[in-house]
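Chains A and B, in that order, are what the protein sequence lines are. Using this note's numbering, the first residue of the first sequence is number 1, and each one after it goes up by one. Using this note's numbering, the first residue of the second sequence is number 1, and each one after it goes up by one.
No lab work stands behind these hints: they were computed from the structure. Treat the hints with caution; some may be incorrect.
What the hints assert, rightly or not - Simulated DEER-style distance windows between Cβ atoms:
no., chain 1, residue 1, chain 2, residue 2, range
1, B, 252, A, 102, 50 to 60 Å
2, B, 255, A, 136, 48 to 58 Å
3, A, 136, B, 372, 20 to 30 Å
4, B, 367, A, 98, 15 to 25 Å
5, B, 252, A, 98, 46 to 56 Å
6, A, 168, B, 329, 52 to 62 Å
7, A, 239, B, 12, 43 to 53 Å
8, A, 160, B, 297, 23 to 33 Å
9, B, 372, A, 215, 21 to 31 Å
10, B, 297, A, 245, 37 to 47 Å
11, A, 136, B, 332, 38 to 48 Å
12, B, 367, A, 250, 43 to 53 Å
13, A, 139, B, 334, 33 to 43 Å
14, B, 217, A, 140, 53 to 63 Å
Every residue gets a Cβ at the ideal spot worked out from N, C-alpha and C, and that includes glycine.
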Amino acid sequence: MTHDEGPMALLPWAATTSPSLRGVKLVRTFGDGTARRAALREVSMDLFPGQIVLLMGPSGSGKSTLLAILSGLLEPDSGQVLADDDGVLRDVWQMTGKEREQYRRKHTGFIFQGYNLFPALTARQQLEIVLKWGEGTDSADARRRADAMLDKLGLAPNKHKKPAQLSGGEKQRVAIGRALVKNPSFMFADEPTSALDWENGQKVIELLRDAAHQRGASVLCVSHDSRILPFVDVYYHLDDGHLERRPLPHE
Amino acid sequence: MSYALQTLWHERQRYASGVLAVTFSAVLIALQCGLLLGLFKITSIPVDNTTADLWVGSQEVPSVDLGKPIPEAYLARVAGMPGVTSVESYIAHFANFTKPAGGTELCYLLGFNTDFGSAGAATVLSREQLDLLTMPDAVIVDESDMTRRLGVKVGDKAKINGKEVRVVGTVKGLKSLAAPWVLCSEHTARHLLGFLMPADHITYLLVRCESRGRAKEVATELQAQYGTEMGAYTSEDFSLRSREYWLYRTKAGIAIGYAALLGLVVGLVITAQTLYSATAANAREFAILLALGVPRWRISVMVLAQSFWVGVIGIALAFPTCHALKYGAKQLGADVDLRWEVLLGTAIVTISMALVSGVGALRSVRQIEPMTLLR
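Construct all of the structure, not just a fragment, from the sequences and the given hints.
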């Protein structure tokens, strides 16, 4: 599928109308007293299965804060994050720390600007460690799933290579593999293309789009890079703590 | 290979100082203990250089040089025990050595059966030397004590307890600590000691048994039957007993203990610092695992596994170093006793030290927050 066909045209998930993740009236401020600054002012955002959402905005507009709150890494001052946890919508920030850890383990994948790969481990081991340590998967199964994921990402020939032997694009693909190997319902990507040239950046965004369109994940991508626009289904703009949905160029 | 070990190998330069700190501690501890044990081996020389299976002396004798006279009649009792194949009498007593050029020195007389292959004859003595010792008033001393302490050479005459003796030879390996060992026949010893050794009394009975295992049984049996009159110990036990007595008596262990403790503290600080900074250096990688829902304890276990391996590798480097230094010390005339107990103890102490360092490094694991990846 190419982006020319329109983002929602062939999506099996498009029929699903209920959101898998809802951020409701989220407020978050930083600092104290006169230095107090609102990062999010009653921001609401819904993510749907099978959709890739782009969140853009100037530096310091609160994009990463919103991503952190929705993904269960940062607690909001007020508001709710309702996530589909096996068919039930649960407020992520009403969960205990342990429940939230479990929720992240089951449902969320992350990609960050830095690849954050262990220098000592091979590409395959970067994926295996998540399965073994996270889900307690046995070695043989973890290896099988890691290899299958690396195959899909076109990294099969690189599975025994360590990060120092991989290019930037390959490293980011391994990082994507690490996030996707446990088949998460939600993918959060923070500036995933910013350290890459456009050729590699495009590959990365296509993989994220595939995660949404083929696997039915809800993907939220925070970026400065407007070249991503043609690859996404929904586009939000965040400025000074206010969120606004904007039309895509082809809409 | 475990992830911990793999990381250790990949980032070996980073971990090197921690590994070397463990090695340093281990070498210091093992060598200090080895030197101490080597030194105190001197106190059990008469036991270690003879071939008896069993030593029978006065009741609760704490060390081989502190045996009190026992009646020679005990010989019959011991010889009658099942499992005993032979019994010899043995005399051991302090005496006063007068140097030919004047001046006196305390010495320790060892008088034994001079038959070749007897239980009491020091194993370093040749058949010829044993023959020479059958002459009245013939003595042999260790060459390290000859000129420096006793002021004699082979063929010289000197006096012990005012009675003339002749130095007929020297041996190697019977170095003394306080009083030089003077080897002679039982007859000569009795003559030189005079009234210091009551008539019909001896210091020890040296026993040979059917087997080493049997010796243990005979010792137990003798202790049970005659424990109020005599003490019976296998030669291994008596050797250890002598060394332990002087070790505790002199409190030399305390000095060595402090030196070893210092090594341990230095090792602990360096290893802890190495592990802490190594863990902090991987904080972002660990943070992403936490974001992906990997429990924090998994990361703690990996850090502890790393500290364990730092300990193991440190020990693996330390042991060959210890043996090289032992060889070096031997060339300088010092005996370092690196028995397995010393090596095992060192390994346990230093690996525990590395694990404690790992527990310290867990502080940096607690500080890892996935949020930091978004800033």
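**Prompt:** Does the structure break any of the earlier hints, and which numbers would those be?
**Reply:** 11, 13
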